[in-house]
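Chains A and B, in that order, give the protein sequences.
Just so we're aligned: the first sequence equals residues 1 to 258 in the numbering used here.
Just so we're aligned: the second sequence equals residues 1 to 58 in the numbering used here.
Some hints here could point you the wrong way.
[What the hints assert, rightly or not] What follows is a set of in silico ranges between Cβ atoms, one per label pair, in the way DEER data are often shown:
{"hint": "1", "chain 1": "B", "residue 1": "Ala7", "chain 2": "A", "residue 2": "Lys238", "range": "41 to 51 Å"}
{"hint": "2", "chain 1": "B", "residue 1": "Ile11", "chain 2": "A", "residue 2": "Trp127", "range": "15 to 25 Å"}
{"hint": "3", "chain 1": "A", "residue 1": "Ala239", "chain 2": "B", "residue 2": "Ala7", "range": "44 to 54 Å"}
{"hint": "4", "chain 1": "B", "residue 1": "Gly4", "chain 2": "A", "residue 2": "Ala34", "range": "24 to 34 Å"}
{"hint": "5", "chain 1": "B", "residue 1": "Asp2", "chain 2": "A", "residue 2": "Ala125", "range": "19 to 29 Å"}
{"hint": "6", "chain 1": "A", "residue 1": "Ala191", "chain 2": "B", "residue 2": "Ile11", "range": "26 to 36 Å"}
{"hint": "7", "chain 1": "A", "residue 1": "Pro27", "chain 2": "B", "residue 2": "Arg45", "range": "28 to 38 Å"}
{"hint": "8", "chain 1": "A", "residue 1": "Ala38", "chain 2": "B", "residue 2": "Glu43", "range": "33 to 43 Å"}
{"hint": "9", "chain 1": "A", "residue 1": "Arg17", "chain 2": "B", "residue 2": "Ala41", "range": "20 to 30 Å"}
{"hint": "10", "chain 1": "A", "residue 1": "Ala239", "chain 2": "B", "residue 2": "Ala18", "range": "29 to 39 Å"}
{"hint": "11", "chain 1": "B", "residue 1": "Ala7", "chain 2": "A", "residue 2": "Ser203", "range": "20 to 30 Å"}
{"hint": "12", "chain 1": "B", "residue 1": "Trp27", "chain 2": "A", "residue 2": "Gly124", "range": "34 to 44 Å"}
{"hint": "13", "chain 1": "A", "residue 1": "Leu194", "chain 2": "B", "residue 2": "Glu43", "range": "44 to 54 Å"}
Don't read these hints as lab results, they were simulated from the structure.
Beta carbons are placed, not taken as given, at the ideal position from N, Cα and C, and that holds for glycine.
So the chains spell out like this:
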Amino acid sequence: MQTSAQNLTHRLANPTRFMSLSASLLPWISGLAAVLIAVGLYLAFFSAPPDYQQGQTVKIMFIHVPSAWLAMGVYLLVAISSFGLLVFRHPLADVSAKAAVPLGAAFTFLALVTGALWGRPMWGAYWVWDARLTSVLILFFLYLGLMALRSSLDDETLASRLTAILALVGVVLLPIIKFSVDWWNTLHQPASVLRIGGPSIHSSILTPLLVMAAGFTLAFIAMHLMAMRNEILRRRVKALTLAQVSRAGAGNPASVKG
Amino acid sequence: MDLGPHAAFIIASYAVVAVVMLGLIAWLLADGRRHQRALAALEARGVRRRSSAEDNGQ
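Using the sequences provided together with the hints, build the complete structure.
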């Protein structure tokens, strides 16, 4: 198992091979994501009953919870990719980390906004400085920080290494977010799906949630593959532009400065 | 389907998710097309990668 995983990572280390494999996988992953989200929406609006306490606002959970899971899951992917860059120098590790960060920021933003829109009718407030909400807000700022750090340096190799170090330091936030509802008194409800003893939600509400979560995850995978392909293309364009400039410079030495 | 007294919050939540997800997809597609065009323009000018032979299966 480990060997086949290692073989796969090794084979994908070649960006050209990655481009051809991702091109053939993308339509299938995108199609499956669209189908799952469509089924999830149908179940959410036409099959799931209103919650006995929260009424119809429970429908917000079907998009809030998958967004929040992805906010954390994508950060874990960024951290693993950063580790792959710093320790194994995997050629696609930095491409993966760079591609995932804006997507993770988007899902964190969605978790915060849908949470606020769920909080107003249920808690009476869009926002409270509660441990869960505040730690997710810090995660959002961490994503923005990773993007800002990368774009603030012209040297791309240095930028990717520094961004990877910051991403690994930021991993400490993930257990804080996950266990914030247990460690502190918070307004946010504790875990009801990923908990010891199994989910505490009835299947009529749990099924649409899991279908939506699977759809969101596949949608993220498709978008991540698209973003990685774009980044590989950007690097090719940059390399070719530099090659063209240096060729022009060699032909006309007077035009090259420094 | 009756969404109850808080329908506006439910609709707003789904609308925000739809706008952000579709916006991301549109941005990714546009970005990809931009790079493809730039790459094609460079290759049309005769600038080629060392590994372009490998890409063509040669």
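**Message:** For the hint 28 to 38 Å, verify it against the beta carbon of A:Pro27 and that of B:Arg45.
**Reply:** holds, 31 Å
**Message:** I want to verify a distance hint. Is the separation of the beta carbons of A:Arg17 and B:Ala41 within 20 to 30 Å?
**Reply:** holds, 25 Å
**Request:** Confirm or reject the claim that B:Trp27 and A:Gly124 have a C-beta distance inside 34 to 44 Å.
**Result:** holds, 36 Å
**Asked** When you take the CB atoms of A:Ala239 and B:Ala18, is the distance between them in 29 to 39 Å?
**Response** At roughly 37 Å between Cβ atoms, B:Ala18 and A:Ala239 fall inside 29 to 39 Å, so the hint holds.
**Asked** Is the hinted range of 15 to 25 Å satisfied by the C-beta distance from B:Ile11 to A:Trp127?
**Response** At roughly 20 Å between Cβ atoms, A:Trp127 and B:Ile11 fall inside 15 to 25 Å, so the hint holds.
**Request:** Indicate whether the distance between the beta carbons of A:Ala239 and B:Ala7 respects the range 44 to 54 Å.
**Result:** Because 53 Å falls inside the window, the suggested range holds.
**Item:** Status of the given 26 to 36 Å range, CB of B:Ile11 versus CB of A:Ala191
**Value:** 27 Å Cβ-Cβ, so the 26 to 36 Å window holds.
**Asked** Taking the CB of B:Asp2 and the CB of A:Ala125, does the distance hold inside 19 to 29 Å?
**Response** holds, 25 Å
**Prompt:** CB of A:Ala38 to CB of B:Glu43, is that within 33 to 43 Å?
**Reply:** For A:Ala38 and B:Glu43 the Cβ distance comes to about 39 Å; the hint holds.
**Assessment of proposed distance window 24 to 34 Å (beta carbons of B:Gly4, A:Ala34)** = holds, 28 Å
**Prompt:** How does the Cβ-Cβ distance of B:Ala7 and A:Lys238 compare with 41 to 51 Å: does it lie in that range?
**Reply:** holds, 49 Å
**Prompt:** So the hint says 20 to 30 Å: do the beta-carbon atoms of B:Ala7 and A:Ser203 match that?
**Reply:** holds, 25 Å
Against the hints set out earlier in the document, no violation occurs for any number.
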